[in-house]
Every structure is written in C-alpha cells, then in structure tokens.
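There are 2 protein chains.
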Amino acid sequence: MREFVIPHRNNFGANCIAGIASIALEHHLKKALIITDRNLQEIGVSGKIEQILYDAGLQFATYASVRPNPTKSNVYEALALYKKEHSDFIIGLGGGSANDCAKAVGILAANGGQLEDYVGLNKSRKVAPLMMLVNTTAGTASEISRAYLISDEVKQEKLIFKDLHALPYCTFNDPELMIGLPAKITAATGMDALTHALESYVCTGKYALTQKLAMAAIELVFDNLRDVIAHPSDLKLRENMIYAQSLAGMAFCNSGVGLVHAMAHQLGAVYNLPHGLCNAVLLPYVMRYNRQVCEVEYAQLARRLFAEKCKDKSTSECADLMIQEVTRLSNDVGTAVRLGDLGIKESDYQLLAEKSLADGNIHKNPIMPSLDDVIAIFKSAY
Amino acid sequence: MREFVIPHRNNFGANCIAGIASIALEHHLKKALIITDRNLQEIGVSGKIEQILYDAGLQFATYASVRPNPTKSNVYEALALYKKEHSDFIIGLGGGSANDCAKAVGILAANGGQLEDYVGLNKSRKVAPLMMLVNTTAGTASEISRAYLISDEVKQEKLIFKDLHALPYCTFNDPELMIGLPAKITAATGMDALTHALESYVCTGKYALTQKLAMAAIELVFDNLRDVIAHPSDLKLRENMIYAQSLAGMAFCNSGVGLVHAMAHQLGAVYNLPHGLCNAVLLPYVMRYNRQVCEVEYAQLARRLFAEKCKDKSTSECADLMIQEVTRLSNDVGTAVRLGDLGIKESDYQLLAEKSLADGNIHKNPIMPSLDDVIAIFKSAY
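Residue numbers (our numbering), protein chains in the order written: chain A, 1 to 382; chain B, 1 to 382.
One should not assume that every hint holds.
Pair ranges (Cβ atoms, derived) [to be verified]:
{"no.": "1", "chain 1": "B", "residue 1": "Q292", "chain 2": "A", "residue 2": "N15", "range": "31 to 41 Å"}
{"no.": "2", "chain 1": "B", "residue 1": "R328", "chain 2": "A", "residue 2": "E308", "range": "26 to 36 Å"}
{"no.": "3", "chain 1": "B", "residue 1": "T204", "chain 2": "A", "residue 2": "L235", "range": "18 to 28 Å"}
{"no.": "4", "chain 1": "A", "residue 1": "G47", "chain 2": "B", "residue 2": "A14", "range": "49 to 59 Å"}
{"no.": "5", "chain 1": "B", "residue 1": "D223", "chain 2": "A", "residue 2": "R338", "range": "40 to 50 Å"}
{"no.": "6", "chain 1": "B", "residue 1": "G113", "chain 2": "A", "residue 2": "S73", "range": "48 to 58 Å"}
{"no.": "7", "chain 1": "A", "residue 1": "A14", "chain 2": "B", "residue 2": "V154", "range": "43 to 53 Å"}
Heads up, simulated SDA-like pairs for lysine to any residue below, C-alpha to C-alpha not over 25 Å straight-line [to be verified]:
{"no.": "8", "chain 1": "B", "residue 1": "K311", "chain 2": "A", "residue 2": "E317"}
{"no.": "9", "chain 1": "B", "residue 1": "K126", "chain 2": "A", "residue 2": "L130"}
{"no.": "10", "chain 1": "B", "residue 1": "K184", "chain 2": "B", "residue 2": "R226"}
{"no.": "11", "chain 1": "B", "residue 1": "K236", "chain 2": "A", "residue 2": "V296"}
Take a look, some chain B residues computed to stay more than 12 Å from chain A by CB distance [what the hints assert, rightly or not]:
{"no.": "12", "residue": "G120"}
{"no.": "13", "residue": "K155"}
{"no.": "14", "residue": "T204"}
{"no.": "15", "residue": "S246"}
Since the hints were derived computationally from the structure, they do not count as laboratory data.
Fair warning: this is a prediction, and the values are worked out from it, not measured in the lab.
Built from N, CA and C at the ideal position, the CB exists for glycine as well.
Could you put the whole structure together from the sequences, leaning on the hints where they help?
If you want it as structure tokens, here you go:
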C-alpha cells in the first residue's frame, strides 16, 4: 500500500503569486503571517507579496529572520508573532528554510506543545492553518512536501518531521522570483533537485509512479541546468527547472531518499552549510558506493539520457557513464567542491558518520552502509 | 499562469481500500453514502467496502443504480438518499460513471439548486462533503479529476462541469478490484488512458510538466496493456496500468484534451456507448487529422517509444509510425471496431459533428476543425 501525497493546488508561471489573494479571499481569510528570510525582504520579494495582500484588502505581518537551516528559535519567534498578530493563515516564502519553518509554525499553532512532541511521522492531531508556500528556488521542493527539518542549535542536530497536517494547501512557483538568484544558488538548488530524483529513483521506497516522475525530473535537470546558469533571466529555462524540481519533489516526497540526504543533513546541522550544496558535493560519491546494487537503474537512466553515448555499451559501462555525467554536470555548474574546502574537519568524520547512520533517511538507501563505509565516503569527498 | 490540481492523498496497491476506514475516522465522519453500479454490487465489490466500514464502526447507505454515462436521474436519486440517510461523506466506487455521479451529488449536497446551475467552470460556492473515490478500472482517471459529465437523457446531451469543489479528498486504486475486469473493459479503459495522454501531449493547454506526465503514461500503456489482457490476474501489470492512467489523469486534468473527446462525448450521449471505447475507436483517425500540426510531437513520442524502429527515419516518417503503432495497439487489444458496427447511423453524422464543435474540449485541440472536417473523420471511422 502506497499513499501518494501532494498539495491540492500548485501554481506555476510568471506572476502566479498574484493568485495568493484570490485563494485567501475564497477561504474568507483575514490576516497572513509571512515567514521569510532577511535577504528576500531586502531585495523586495516579501514586499511584493505584502502589496498583493494589501491591494486585496488583506492584512499581514512579516517574520523575516529565518536562517538557512532554520532553527528552533526561528520557529518559536515566528509562532509568537502569529499569535500576537491574530493571523489566520501562513505564507511561507523562500527555499526550503522559510517553508520548513512555516510548516513547523503551522503545526504548533494548531496543536500547541513543543517541537519535540511532533518529531517523526504524523504526530500531530490537527491540521495546520491554511498554508500557502511560495518557492523562490528550484530545488528543495519543500513547498510540496509534508516533511520539514528544524535545526536544534544546541544539540547540533536536525529534528525531522513528516506530517500530513503540515502539507500546504497550495503552492506558488513563480519564475520571475528566480531571475535574480545568484548562479551559486541556482546551481546548488538545481543539483539538490537532481539528488532528490536520483535518490528517489533507486531507493527502497521506489515504485513505477515515482520512478517515472524521477526520470522526467532528471531529464529536465540535464536539459536545462547548464543553460539556466548561462542565461539566468530566461523565464522558459527557469520554468523548466521549476518543473524539474516539482517532479523530483513529487517523486521523493512519496518514495523517500537515501544516503546522500542522511549524510548531507549532518553537514547542514554541524557546519550550517546549505543543504543543496551538501547534496551536490556528496552525490557522485554516494552513487559510486550505491553502484554495487544500482547498476541496472543507473544504466537505465544513462540509456534514456545519453542514448547515443550508450550505443554498444554494456550495462556496467552505462552505469559508469551515468555517474560520470553527474560528476561532469556538477563540475560544469560549480558545485563539485571538496569537503575540505567547505571547512569540514577530517576529525569530525567519525561523529558525522555516526549521526548519518542515525538519520531517518538511511533506511531508504538501496544498501545499508556500515560506519566504515560512511567514513570512507566522507574521506573520498574530502 | 497554470494551476496544477490533484487530490491530496492517492492510495495505490493491493488492499489499499482498507485505508478508507482510517481516513473516515481521522475526519470524525459517521455515515457514508456509497455510490456505485449494479454490476459492482452484484460481484461483491461494494460489499467489500461496506464490510470495511462496518468493521470500523462506521455506518453507510448504498446507491447502486448508476448507469454507464450517468444520468440526471441517477444524481437526484443518489442525492435524495444522501439526505434521507443523513450521510456526511461520499464514497464513489467505479470507473468514470459512478465517480462522476458522486461528484455531482457532492456539489448539490453542499450547494443546493439544480445541476444546470453548475455547468461550466467553478460555478459552486461551497466545497462538496469529503469525497473518497475508488477507481475500479484503469482508464478514466475520474477519481483524480475535478471534472464530471452527466447525461441529460431527454436532450441527449452531456452536461460538463469542472469545479475545484468537486475534487475528491482522497483516491483509492486497488489492483485486486481489477482482476475480474472483462478483457473488453480492460482494453477500452486502457485505450481511454492512452487517449487522455496522447490528447494532453499535443493540446493547446500543454506545458512541460503535463507533457512529461503524458509521455510517461504513454510509455506505461504501450509497455503493459497487451500483457495485462493476456494475463488479467497479474497484479503487477494491473498496477502498472493504474500508474499509467493516473499519470495520464494528472496530465489531461491540468492541460485539457481535444477533438477525440469532443467527438466521443457525443457518441456517449446519443448512443449511450462506453466512453473509453468511443475514445479508442476515434483516436487513430483524429491523430491522422491532427498530424498536420502535430508531426513534431508525434515523432518525439515515436523516437522515445520505438527508438530502434525510428533509426534513420525522418520526422514525418516517425510521426506516421506513431499513428501506426497506436492503430496496431488498438487492433491487438480489440478496440479497433468500426463506428458502423457500434450501431451508429451515417445519417447522424451532421448532428454529431455539430454537437462536437459545441463541446468545451474542442478549443484545446491543436487545430480547430471545420464541420466538414469532423464529418469526414466520423466517416473515416465508419
């Protein structure tokens, strides 16, 4: 039995955020809490949303202090504002961080208690207030996921939640909001989407539906990511990357992911590094490790994406080619950095590997690694 | 701006219908109205659902008189039962007919008035009572669509509705319910799914996301439909056809369809013929007509599905091949019957063509046909 879960209404296209007001009015809502980060406030993106609400006669308050890898403090601060302002709906605005924070606020607003009460699967009793999540990167797919991660700053751990009551009612993917994204973020978030799709395609939770979605996402990333970095203002390319990340999200939110995520979460929690970049850096190394059980799947992907190059090649050679092409893409878009260059200390590998094996995503990896395996993968990426 | 709409929760797999009870309890619901047809009642499928509800302490009433191409009378009878029994949720059980009827009952139960008040797009004010739609064929995708069609028996017309408030909360696709489907229905509903995907792939409402979904659906139909007819008890093949129809549904419910549907609806309304079969019969002839503007898209599909056969072929030759392969599949599964053999009179073609041009789906066809064009297509399929 499999449950394929996804928000009801997913809006795409230039200026689709204008639809926020009509949906709020349709639901007789009065006052939004906008949850976003300082940067999106400074470049005026949250101001755009505020204007849309204002023009429709809707009220709002804005919490703009979400950090990358959102913290428990972020959640409690935003929750206090939600209550103080008597808001009745939530607008998340950002990549994964703001939207993850919005989901946590929604669950606490509806259910009370502490974040720790809801760690795990479907732990809340009541559905969050109506949530609209606006996606400003083409990567995390946080906006279509019922999962969210909050960093415990003190314990240097990620609290991981997966809760149907945290699924937003609607999502907005406006390519105009992505025109100004720095190339580094476009690259890291695009590689994040690729990681979602590649992990979904081989994970233990895969099935025909999620594999078709994942494959479509992988094709779109290979067809568009290099180009969108070369032509950042091209709305068509931005839109194609949005569809890539949405398809990847539809896949991995319903199949699970695997070892890349289990390891990347620890780098995020301990070093506060961007999630997409951590995924991108680790992806080729984990593929090399998983290759022992995923040769057929990697070869399938290679034959689909690189039919010409695969002609007369064996399954094993095609699998190798797929890993090489992922590595080449990561090189081309600038995410193939070394862990050492990101400031990660070799002396932490033991601890990072232990935490990776305790991460909930590890069980979806197609093969269960040992502690030594994980340490070896960290070392190979050093 | 595009809105991609889909039910929140979509359940797949053998015995997934067991989940009906837990979702009803989660939502504190008390009494279902099951809407289905005589055949599903006689072979015990509605009894299975009743047992699941009974075992969970839930009440139910059953309306089992839905006709193929459900009528206005069906809707009003079921609505009267819903009110009389004080039901608080609706379970549709069937292919398109029962599920379309369920949606109409839901809209009238929440909004009052007459069916005619809601013809068109988003005409209702209130969301239907919680609806769970159980799909018993792999074809119509009615269970994931907000659209529904009701036949006006007197005027011999189809009333067409598309309403966000008619979107079910959750869907169930249980391959065990499909094991006993006669080959004729498996074939017609499978070709229905193919028609959805093929019309979606080329229609004016297409975009990258819907095209990826449509292509995946087309692949799954070609990979599984012949086999499932040869091995009707194979759960894996049944499941693959379910994913095919779901992907096709995700595509066409958000892009629209085209001329095949515009013409098939009239055959359904005037001759009460099964929708899937009408689509299957007309599909190759409409493809031949649309080919003048869809050569590139048909060739793309052929190259994806029949790479070997397309080697060294021109775009035009690949497009021809795609139409030939659709015709061959329809022949192989037994849906390539002649309109004349279905009892359709040549003298009705003028009227059928006029009605086709008035059908709401015609505007999504990649080229607007003339009355003579439509008559000529009917004649070619005679």
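Hint check for N15 (chain A) and Q292 (chain B) - Cβ pair distance inside 31 to 41 Å = 34 Å, holds
Assertion that G120 (chain B) lies outside the chain A interface [Cβ separation over 12 Å] = 17 Å, holds
If you draw a straight line from the CA of K236 (chain B) to the CA of V296 (chain A), is it 25 Å or shorter?
-> Holds, because 19 Å separates the two Cα atoms, which is no more than 25 Å.
CB-CB spacing for L235 (chain A) and T204 (chain B) relative to the 18 to 28 Å hint | Since the Cβ atoms of T204 (chain B) and L235 (chain A) sit about 19 Å apart, the hinted range of 18 to 28 Å holds.
Go ahead and decide if the range 43 to 53 Å is satisfied by the Cβ distance of A14 (chain A) to V154 (chain B).
-> 46 Å, holds
Can we confirm that no CB of chain A comes within 12 Å of the CB of S246 (chain B)?
-> 7 Å, violated
Taking 26 to 36 Å as the hint, is the beta-carbon distance of R328 (chain B) and E308 (chain A) inside that range?
-> 27 Å, holds
Is K126 (chain B) within 25 Å of L130 (chain A), Cα to Cα?
-> Holds. K126 (chain B) to L130 (chain A) sits at ~17 Å (cutoff 25 Å).
For the pair D223 (chain B) and R338 (chain A), does the Cβ-Cβ distance stay inside 40 to 50 Å?
-> 42 Å, holds
With a cut-off of 25 Å on the C-alpha distance, tell me whether K184 (chain B) and R226 (chain B) pass.
-> With a Cα-Cα distance of about 12 Å, the restraint between K184 (chain B) and R226 (chain B) holds, given a limit of 25 Å.
Look at the Cβ atoms of G47 (chain A) and A14 (chain B) and judge whether their distance stays inside 49 to 59 Å.
-> 52 Å, holds
Hey, does K155 (chain B) actually stay past 12 Å from chain A on C-beta?
-> 32 Å, holds
Comparing the model with each numbered hint stated earlier shows that hint 15 is the single one that does not hold.
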